[in-house]
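Trainee: Residue numbers (our numbering), protein chains in the order written: chain A, 1 to 335; chain B, 336 to 1131.
Partial selection, computed: residues in chain B whose CB lies under 10 Å from chain A:
(1) Leu353
(2) Glu383
(3) Glu386
Anything over 12 Å on all C-beta distances counts as not near chain B; from chain A, calculated:
(4) His45
(5) Ser94
(6) Val100
(7) Lys126
(8) Thr306
Output of the computed footprint for chain B on chain A, the stretches with three or more beta carbons under 8 Å from beta carbons of chain B:
(9) 147–159
(10) 214–226
(11) 278–290
I should point out that these hints are in silico values taken from the structure, not numbers from a laboratory.
Given the structure is predicted, the values throughout are model-derived calculations rather than measurements.
Ideal placement from N, C-alpha and C gives every residue a C-beta, glycine not left out.
Each chain is listed here by its residues.
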Amino acid sequence: MKKKIVFTIIVVAAVATALILAWYVFSFPQKSQDTPEMISIGVKHAEANALFYIAEDRGLFTKNGINVTMKEYPTKLQAFTGMENGDVDAAIISEYPVVVSAFGRENISVIGSTSRYQDQYIVGRKDRGILHEVDLKGKTIGVPFGTIGEFYLGRFLTLNGVNRNEVTFKNVPFLQAADSFSNGSVDAVVIFDGAPRSTEILNGDDGTIWPVQAGQASYDLLTARNEWITIHPGTLTKLLNSLAEAGDYLEKHPDEGKAIVRKKLNRPASEMATIWPRFQFSISLDQSLVTAMEDEARWMIANNITEKKTVPDFRKFIDARTLREIKPEAVRIIG
Amino acid sequence: MKIRTQFIAGIVVFAILLAIIFGLVLITNQQVEKLFDQETMAQGIALEVGELGYLSNDYILYREPQQADRWNTKYASISARIARLSVDQPEQQAIVRNLAANLKNSKSVFDDIAGSPLQSGATGTGFVQLSWSRMAVQNQGMIFDAGRLANLLHDESEALKQQRNILIFSLMGAFVVFLLVSYLAFYRSTLRSLASLQQGAAIVGSGDFIHSIDESSDDEIGDLARSFNRMTADLRNITASKSELEREVDERKRAEEDLQTKNEELNAINEELTALQEELHQNIEELTKAEQEVRSSREQYRNLFETMAEGFAVHEILCDDQGTPVDYRFLSLNPAFEKLTGLKERDVIGKRATEVLPGIEPFWIRIYGKVALSGKPAHFENYSQELDRHYEVDAYSPEPGKFATLFLDITERKRGEQALKESEERYRLVADFTYDWEFWVDPLGNLRYVSPGAERILGRPVKQGSSLEELLCQVVHPDDKEKRLRHLEQEKTGTGRPFEMEYRIIRQDGATRWIHHVCQPIYDAQGNFLGTRGSNRDITDRKLAEEELIRKNDDLNALNEELTATQEELHQNVDELIRREHDLNRALAEKEVLLSEIHHRVKNNLTAFISLLSLEGSTEDTPAGKLLKQDLQNRARSMALIHETLYRTNMYDEVDMGLYLTTLVHQIATTFRTAKEVKIMVDAHGVMLDINRATPAGLIINELVTNSFKYAFPGSFDTVAARSAPPAIMINLTKNDKEYVLTVSDNGIGLPPGFDLTKTKTLGLKLVNFLAKHQMRATVEVLANKGTEFIFRMNK
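With these hints in hand, go ahead and build the complete structure from the sequences.
Mentor: Next up, the structure:
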């Protein structure tokens, strides 16, 4: 009898140990046995890199056999230049530099978008009688000339039945937008979330706020030189796999993912709570990206920002092969 | 219930619970996954609807077919997504239906916009705003619904997870309760039964066979208790008969014990008797052994007494009335006594000493009396005048009034010592006055003697009797100390033969001195080692001289090596010179060959020239022409002969003028056929001229001899009559310390009157004059005494 009891206890203990081990093994990412491949990514220190931060924190890069170094630049445009110069292998940039670049050359490609967001707003002063979109007629609107903000504003006015001739545009850079709004030098101003004092303006009661992008998202795009993509197909696959897994993790564990990014960016919780909902993080290639770039190109031609008269075929600047291979449902480009 | 049944039931319950928990986890996970997919799809719909709105904007603004196609494709994609939504809750199903309806409405609005004509201006702006608003309404509704659906699904998923967790924890709690109940209901009662059984077993074990254990339990422990009670009853039944048997056994055991005790007492007495008997035997054996030993000892003593080398005698002391010893009587003695004293036993036993030895010295009686009366032994050496012997005596008293003497005849030793003493005194006398450090070290290493020279050499006083080792440790140079002390051991043991060594000492004033040490062991007549006698001599001056000699020798060796090196170098130089001489000789030989070849060729060329002239002459008819060619040939021949002489004699710097002139003049003679025989005399023996002067000399002689042949002896001139001698041409070349003198003369007709060599117009004499002045640098003297005589003088 005693032997049977001991035997049973041993069996139960062995089963429990095996279960615990299995749980432990399958709950943590497995490290790749190969020597990790090195990738350098040029980034701006911002939420745009959320998937990278999560992948790094969760050890997904190591698991997939790569060693990612994120080199930080003051702006996304500088990260783009760094990538073009070969200082880094790839870069996280907005779609607008790609559009500008597409008029001149065809040596870079978009591999996927890592986030989409709307961060530009038009704020009208309530004391100047701006309560609805049509109230902008006859008003002076500050906007940085030659930027995508000007494009957004023009379309916003058109879609809201306001003719461009009915308003006065004033060149107000994003950095001065809040001051111009406060000191009354403009009746309304296009401002982007993240500019100085933007939070104060956007959260205040003095203005009426509309998203100026009118449904068109801004994108953070993972781009690389075609030469690098050709030489490193395997590395690219591992990178996108890591980012896709980071996206899955964020989807299933939104609070934990958000905490990782907040910790990385060292943002106050309140600020994070405001900014975070404006972003959608996933590695994907959407039709709206192509459409947005076409619209921006069209706007550049119309405003003589480029000498070219034809909208480039942006599908040539999108390399969807790798993403389609590892996550086909994330590629939603129609034509 | 049986314990085994209870245990199996517990395991089964545990397994069932475990299976339920796993099943629940799996099912719930599947449901959560499904809800997550649906939630993701709803979010995707919201996203795509946003894109659809954006595409609508684009189409409204630009009205391009491409944008319409994109819109329709996106529309189809969203429709498919909505169709794939599978929700269970009525509210969720209503949202899905709403989504589908809104999408359809959106399509209608888009088609309506697409079907409207494109407008411009304010109308166009208004149309755009209106269209965008219409589309925006639909899109925002769908986005809201999709978002709401996603939230509901998310909430449902979370609720499901929560339910799952509650269920799992509940089951785990139930299992814990089951374990507690099992413990309380079964295990506890089991433990109680076991405790009761243990207690009962202890009571029965103490001998209380009447005690009965509680056997009400229905499990295995109850069975065990019943078996135990049966066993107790059986034991109780057999206990009665066993008690009687045990009593009888006890009595028998007690009787046996008494018997055994008495037996043991008897054995003890018996053992004691045996021990006493053995002790008695041992005593008897010891007594026998002691008796034998005594007998043996007596025998040995007798043997010793008879054979010992020492003389032995027992005496009785005789005293006067005052008790003062005045004589003694011989009682017994051994053969050695007779041998050492010359006194026979039969002559002395029972007699007094004054009878046997009338001249005995009183001190013998005094010493012996003291020993016999006091009982104190005495050892002494003394001389017996009566016996004329020295004795070493040991006296003791075997009993009061008697004394025994054991003595040796040491007369020879005493004499030897005396001789040694005398010898030592002589030696000491010599040694004290030697310049060296003389010493005698005894076997203990102490200086039995040290000469005054030691202080002079060491610069410190040395005490006689002091330790030589200590002295050496103080004075010997550290580098030599080990070997000197090693030798000291030989000096002390005497095993060494005569020995020499050199070592250094450091004087008290710090000066280092070299010592030459000579020693040899010394023995007495019996071969006993008495120590080592040695002599130390200060050889520092000699050492310094030797070192100087060695140094000079080294210098000489170095010089010798240097000389050898120089000699070798000289040999090398000589070899080099020889080699160079060989080279030079070879070069010279080569040069001579070359010169020989040159002269040979020059001669050949001149010969060829002469032959050419001969050929030329064969076609010339005029006598003058023939003479001219003859002259030319002779001149050329004179030069060719020079070169021929040079290479034939293998001398290229100087020409043997004897050989040359003889040959030249005879060659010239062969070319002239004179009517009279002309005697030619050449005397230039041993005169050598360098080629620069030999060549013009040859040419000059050629011209003058030719002239002599041509003109000195015409047919009309009777030489014999005129000169009292036959026709002759003489060439004489001599040299003295300062100059060479060349004389060319004949005894012919002589020169015409008024002849002046410097003014002559003939080519031959002009040539003579020219060559004499410019090449031979000679003075020319022309005499016409008895013919013609040209004398040329040239400095050496």
